[in-house]
Structure formats: C-alpha cells, structure tokens
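Peer 1: Construct all of the structure, not just a fragment, from the sequences and the given hints.
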Amino acid sequence: MVNISTNTDKRVFLEKKESKKLHFLIKAPENYSYNIEKKMSWDANKPATVYVTPELTKDGEVCKAATVILRTKGCHWWWSSGCTFCGYFNDTRDDVTNENLHEQWNYSKRKLNDFEEVQMIKVYTSGSLLEDREIPIEFQEFVLKETNKLGKHLVIESRTEQLTSEKLSWAKKINSDFTVAIGLEAYDDEVLRFHINKGFTLKSWHKAVEQLKKHNLRIKSYLMFKPPFMSEGEALTQCIKWIKSVIEDSDEISINPMNIQRGTIIDRLYRNGDYRPPWLWSLVELIKKVHDFVQPNGEVLSRLIVHPTAAGKPRGAHNCGKCDVEVAAAIERYSVSRSLEEFTDLNCKCRLRWKEEIHSDQNLPVPIGVGLNRRANVENLFSSY
Amino acid sequence: MIQSNESDGGSMGGDGFGLDISARQRYARIFKLGNRKEPLARTPALILYDDDYDLPVNLAPFKCSRIGDSLPPNFLIKGRGALSPPFEEPSPIWEFKQGNVLPPTLSETEIKSDGSSTPVLSLSLQRMMQDSDIVNLKQPSLVIVTDAVQLANRSKEFVEAMLIVRETFPSALIWCPGLSGPDNIALLTWLGVDLHDLSRSRQAHSAGMLLTSNGPRNIELDLEGDFLFELQVEEWKNEIVTIRESIRKLKLRELVEKRVLNYPKLVEQLRFHDYLLENRKIESLTRHASRDRVLQCNSLSVRSDPIIREWTRKVSSQYVPHNSRQKLLILLPCSAKKPYRISRSHKRYRYEIGNISATEISITSPLGLVPRELEELWPAANYDIPVTGHWDAEEIRIVENSLSGILDRVKFELIINNSGFDLGNEFCGIKVIETNKETFSAEVKKAKEELGIQEQSIKVNRMIEYQMISKWHYGSFSWLDGTKLAGKPPHWKIEKEGKPFARWNHLNSSFSFSKAALPVLAGKNTLPSAKIKLDGDWNGDVFAPMVISFDNLIRVGDVVLLYSQDDALIGSGIAQAPAWEWNNGCGRLAKVRHRL
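Chains as they are written, first to last, in our numbering: chain A, 5 to 389; chain B, 3 to 598.
Treat the hints with care, since some could be wrong.
To be verified - Here chain B is said to cover these stretches of chain A; the calculated rule only asks that three of the stretch's residues, wherever they fall, bring their Cβ under 8 angstroms from a Cβ of chain B:
| hint | region |
| --- | --- |
| 1 | 23 to 33 |
| 2 | 187 to 196 |
| 3 | 265 to 279 |
| 4 | 363 to 372 |
Stated by the list, open to error - Not close to chain A: a few residues of chain B, all C-beta gaps over 10 angstroms, as computed:
| hint | residue |
| --- | --- |
| 5 | R44 |
| 6 | R202 |
| 7 | P218 |
| 8 | E226 |
| 9 | L233 |
| 10 | R305 |
| 11 | R343 |
| 12 | N357 |
| 13 | V389 |
| 14 | E415 |
| 15 | V434 |
| 16 | E467 |
| 17 | G484 |
| 18 | G538 |
To be verified - In the SDA-like style, the derived pairs of lysine to any residue whose C-alpha atoms are separated by at most 25 angstroms in a straight line are:
| hint | chain 1 | residue 1 | chain 2 | residue 2 |
| --- | --- | --- | --- | --- |
| 19 | A | K25 | B | E159 |
| 20 | A | K25 | B | D135 |
| 21 | B | K267 | A | E383 |
| 22 | B | K251 | B | L509 |
| 23 | A | K353 | B | G210 |
| 24 | A | K359 | B | D56 |
| 25 | A | K359 | B | E159 |
| 26 | B | K260 | A | V382 |
| 27 | A | K25 | B | K114 |
| 28 | B | K260 | A | S387 |
| 29 | A | K245 | B | G70 |
| 30 | B | K260 | A | E383 |
| 31 | A | K245 | B | D71 |
| 32 | A | K245 | B | N76 |
| 33 | B | K267 | A | N381 |
| 34 | A | K359 | B | L233 |
| 35 | A | K31 | B | P41 |
| 36 | A | K245 | B | D116 |
| 37 | A | K176 | A | T61 |
Honestly, the hints are just simulated from the structure, not real lab data.
Note that the Cβ used here is the ideal one computed from N, Cα and C, for glycine as well.
Peer 2: Printed below as a string of structure tokens:
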C-alpha cells in the first residue's frame, strides 16, 4: 500500500535531477577546458578583427566605415552573469593590458592604411569602451582623441550604466561628436529579464538616452530579432513593437537577427532543436511592417539597419537554401537604400511555409515555436517529432 | 492504499464542465464533452485557433484565442458549444496564462513558472521538473504542454512526461499544441493526449503535401481534384473516427503499431512507453478481458507490449507448477483456437494424456509459454498470431528463458516434448523425449508408469486450476481453503459449507464471488480494495468524488472490495477504471456488484 502523502519528493517527475540556476548554465561553456585554452591562445597584440564596410554618414551620405573589434577583457556584466546569447567571451583574454590595446590599435591602423579611406571608425570591445573596469581610462581617452584628431566619426558600444553625465561630459570634452550604440536588445523589461538576462532595465536605458541627448551625442539602438526562448512569430510581433517604441530616441536602429555563436547557451539550444535562427522572410516582413513608421512620408525619423550575420548559413538567419542569397542581399541593400523596392519580386516556395509557421506561433501557446527544419526534404519534414 | 484528493464532480472536469468517459484502453480514452446524455463532442477532438478553418463543433469543440500581444502571452480557451452546465450558452471560457517557458534543454533550470495552474495548467518539462506545487494542484480541466513540439524530439523524456501528466491529472484534457497530425494522433492518443490542432496539417499544406495517417504525400490533381485544405480535414476526420472505433473495440494498440511505422521517432516513443510501463511494473493494465476480445499480434513490436512482457516475466520468474504435478512436464504446441482446450488438437492431447498429475505447457509466440491452468486467462485466451512454423531467434530466446526459469524452481524428472520446438535430448539437466503424433500417446503412458504418476479426478484437476489462477492474479489461493466444487463441467460452482461461494466466469476469465465470500476475501487480503464515503443511502456505483482511498493495484475488470469511511466492509464492485484514474478521475470507477 502506498500513501501519497508520504511522498516527500513532490516534483512531478519522480526521478529527481539536479537543479541549477540559469546563471550557471549561461556561464558553464566559458569554463570548458577547450574554451579556456582557446581564450589563452589569442594574440593579445592583435585585434579580434578589422574590416571595412559601406555605411551611411549621419547625413545619409554613402561612405566607408572601419570596424575594429579589439581583443579585451570582455564585458563586466559577463564577469558577474551574462546575456543568454552572448558568445563574445570566446574572443576575450583576461590579461589584456593598456599596452596590448595600443598595439592592437596600431595593427588596425596599419592594416587599414591609417584609416585614410574611411570616414567612420567603429571601435568595439566585446563590452563597453567607456567602462573603466574593462578598458583603461588612458586607452578610452586615446581612442576618443585619436579619432577626433583623424577627423573620423567614432562609433562605440556601451551598456547603459556607464553613460552617466559625468562620464559623457568627460568624453565630450575630448571628442565632441560620436555615436554610442547601446545593446538594448528588446524594449520590454520581461524580455530583458527572462529571455536575455540583460542586467539592466528600460528605466536604465531611458536614463542613458536622456544623458546622451543632453550631451548631443548620436544614439544607436541595437534590437535583437528572436531572442532565446521565443518563437519566430512572437519575435516578429514583438520586434515590430520595439522598433516603434525606440524610434523617437534612436538616430539609428540596428536589428541584429540572432546567430548562433559556438559554446553559448543558445548554441546548446540550437543543437538540441530547441532554437532555430530566424527566417530571412521574417526580416523582410519586419522591414515592411515598420518602414512607414521609420520614414513617414519619406522623412527619416531613424535609420533602420538590418544586418543578418551569417545570413543563409544554418547558424544565421536563413531560408530554405534556394532563395537565401537573393533575400539576404535585398535586406542588406535596404539598410543603405531605405527603399522597399528592394523586396519587389522576391518570392520562393518556402515563403508559404514561413507564413504558416508565423501564423501558428502567433496564435497558439507554443512559446518556443512550431518551426521545423526548413532545409529538410519536404517528405521528411515531420520525421523529427 | 492511496489517499484521494478532493474533487469536484463525478462527471465533471476540474472546472465543472461536462466530461465523462465513454470508452478507454489503457491511457487512451474517449471523453464525452458537454451534457453526459447528449454530448456535443467526443475526444480525440480539435481545438481551433484564430483565423483557423471553420469546422463543426463536434469535431472542434474548443477555440483558443490570444489576448493582446503582451509577453508572456495570455489566451482564452472557449467552448464553441454549450459544454458546461446548464448547457445553454457556449461554454466554458477559460483564461490561460502561458507564463515564461524555458525549452526542454534547460529543464534543470531553477526558475519558477508564472504560468496558470487552474482551470488550465500550463506545463513544460522545466516546470514539471522544478515546480513542486503542481502535484498538489486542484485538478485542472485542461493541461497544455507548451513545449511539446520540442519535447517530442526527446522520445524518452516525452513519453515519461506524458505518462506522469496523464496519471497525475486523470480528469483533465491534455493538449500538445502544434504537435499533432493525422500521422501521429494514434500514438498521441495512446499516450493520453486528448485535444489536437491543425498546425501540423497547415504546415504540410503550405509545403504542398497532404498529411495523411501514413505521413505526408503529394496529391494527384487529376484524381483528387484541387489541393484544398478540406482534404487535410478529411484526413483528420478519418483518423479520429478510426481511433475512436479502435478504442471502443480495444484495438488501438494494433492501430498504433501500424501508425508508428511512419517515422522512427514514433517507433522510439512507443518502445520507450512500453519499456517505461514494464520497468515500473505498472499495474494499470487489464487483468480480465472478454472472451470475445482478440489481441492481434501481427507486428513484431507487440513483443514489447507490456501486457506480453508481463506474461513472459511472470511465467519465467514466478510461475510454479502445482506441487502434485512436478514429475512430468508435457510440452505441447499452441492452437489457433483459444483457449487451447477447445481446439481439436488439444482435445486429442487431453484425451491421450488423460487425467494425470502432469504439468502441461503450450509453447507459443509471443507469450512464450502458456501453462494449461492459465490458458483461459487474458491475454493467453485472446491473442492471435500469424503462423509460419518458423521460430526466430527472439522467440527461441523467450521460450528457452521462460522454460529454464520454471525448471530452476522445479526439477521435473522428465520432459515429453510434443511441441515441435527443438529442445534436444536434454534441457536444463532434464531428459527430454521428443514425440510426434504417432509416439506421443505411448510415451505419455510409459512415463506415467515409470514415474508412478497418479490420476487426478476432473474435480481435483479443476480445483488445481482455480488455485493456480488465483495465485497468478492475487498471489495466493487461501480463500479457496475449505471450499469444494459442485455441479457439472463446465459450469462448476465453488461452494463453502454447502453455500455458493464463487464461480468461474468464463466470459471474461474471472471469478465471480458471492456476498458470503466477501468477508473471507477481505480477511485474506486477496482482492484490491477501496474506501468510499457514503452520504445517506448508497444506491449508485462508485464515482471519483466518493473515493477516500484506493488500492494502487486496481485493474480494469477487478473485483474491488468496498469499505466505508469507518472501515466496514460494505460490498464489492467491478473496476471500470484502473488505479490511476481513481485519484480524481471522472466517470464511473466501479460498477457495484454486491451491497452487504
């Protein structure tokens, strides 16, 4: 005879498994031996990457921009917790010094011919350039001063908590015109907390925006398309809302469709079939839905940039494999042309499948979505479950 | 004895909407939705969502609509007809808070879900693993497994989760959004899922495929006409009707075995489900079945069916031949006609063997061995298998394992093997004499003389069978002490002190007990029991709200002894539902047979 009241293990699953806080699951990959080994193998005197891309100036003129991604100690939020999707810890070294950073700068400068051909320099640090715990103040000052001296518009990235009146006043004295890009990711506190583990709230973002506006600095807002634990349809619904919400406070809105960085929690979800990177069709739809808000009657309220990293690859935003190149190219072109005509005549058989997936995701209680492998043979479409 | 939690109503779901069970087979059930006498719909059924195809209420009795676009989302689940008392307006209307959901990969994450619990329970693997409050919930009316699409990709965890959800919430409808199609609904129903949606068919349609019960296929326009969604709906209708018919005729297992061949994942899930039940030695399987019922064993996967495994396990590890019959073992072939003894071949064997104290065992597949005393029992009296005369390696292993298990416990002096199954001249150290049609009778006669085997009267023979059956089912036969057989075969009566005590009911292979037998059976702890609360006169049958506690060994068809709240034996009933449904289930749990 069994008495249910004597059942001390009150989990529904009788086989008790060890519980962990999400924090530890996010952090776990960093401590895998091969990741530690990889981190320490980086050359501290060379940047993570340096490249040039076409861009628009703040006045809307086509120009070239250099992107310098420095190898740093990484993000202080990662040190204590970290965002669910972030894989930048893979590119960092714990022992990078001021001297190393100067060496990296010099390397970049040499590689890009003293930045002669570019009008804009984006200096990214896998964290916040203006965060003293991550980047020595001397190097912060150097970057601000150097770009000002070169006459290049500087774009830096930052979380919100560094953007205090004091810090911005200091920076502004050195370089009066630069852009601060904030990884807001989502204009929704619940998403920031549960889906992203961002470590700051909308209140903090609004305070930072207020300070940037006060100091007359340009604001770029990064929004994430399809954060972890979110379906494709939900991502589309929410991202449209977020763009409309940040439009007034952003000179530029950059949509970052999720891509799967190795060794991250999202990588684990992806490999287990619990996450699929966005459809390129979703990005097209997103642009179409917000275009008139971003540029009502042709007036540009904010520049909308959609740059799908690893577009067309399984770990980046992708479609069926047949139309990816064409659709991704149209999306990239839109960021520069700001014209919906880029999407005229785009079509593929897979668009109907995408549409149906979105419909189910938006109307059913399927928080992780109903998405299937969009590159599987149609006959094998349903064999995974 | 399991203490039953509080419940709302015998034929009501947790939130008081009309719910009753019209048929069941293991975890698959046909719920009647709405007024019990005139149900509006039956499960398996569909749940529509916004901008979905319009389908009749009897096929799609519910609709799910999202409320707003906030996160995490909320939904309204509405009855599309009058499903709740007083059955006048479309009802029920349930608000459902999905809550934040982590995917199955992160099920070990210690985050408490903020999803709703009642009347609609939002469940995910992570919540099942981490939310300790769920087991003590008031019974929900509907359980939505929100991560089912991802969970189903992990066959073992999926079937384990579904089994636990089904058993924990026996009177709730279960819905796995986005998962079901005509190609997998048979298995999902087998696992206990009741409600389904069109998402999978819509996805197939968008990919230009017709999703059938055999999986997706292209259509032939010249033969089938335009590729309209109505074709997809027809597939749903056909499969739902087939499933309901299969449950009613207790044939769902056979249908599931066909359908799982659609995809490897489904085969995995059925196997894991079988292993899970077998390993948990779950007692929720049927113990008694109607003589008319046929367990069709056409597929090899039937060998992993827990009812088959349970038989082979018990024969191999528990069955001990009667102590008066431990000298001579006679092995016989099975027969197409069941129970074997009514077949022409076995009538001849019985004639040739005579009434002697020897153990007779038939060799068969997939059960392995069927002792003569147990051949009237489910499933030995009910199975049917295609006959080829060929024994494959697994069949040989099952027979040899079962036989060596018996011979480990009992050292027979001789085996006469007339089964056609090759055992050689010696098996487990015991001499084997191979016989055939011509030599069988003579060898039996010879063995009888050489081993000094006694005759046993027909009455003794039958009483031994009753003892063995009782031991097989209940672990003992002490309740037969002091009884004797009266009457004539095959309608034997078991009497005690000249009064009727019990009789063998050959129509469903079970004992029927007289009122006088109940105190004896209670004293011997022979039968499963339940304690029920009575308010005033006790007229009807046993329903879930009456149950205070119950024995977790109750199986469908069992005679259950009924006790009052003050521990007085008050009667007996025939279980209509297995033990897991007695804890807050719905519908009739037992038909009362005797009131003391």
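Peer 1: Which numbered hints are broken by the structure, listed smallest first?
Peer 2: 6, 7, 25 and 35
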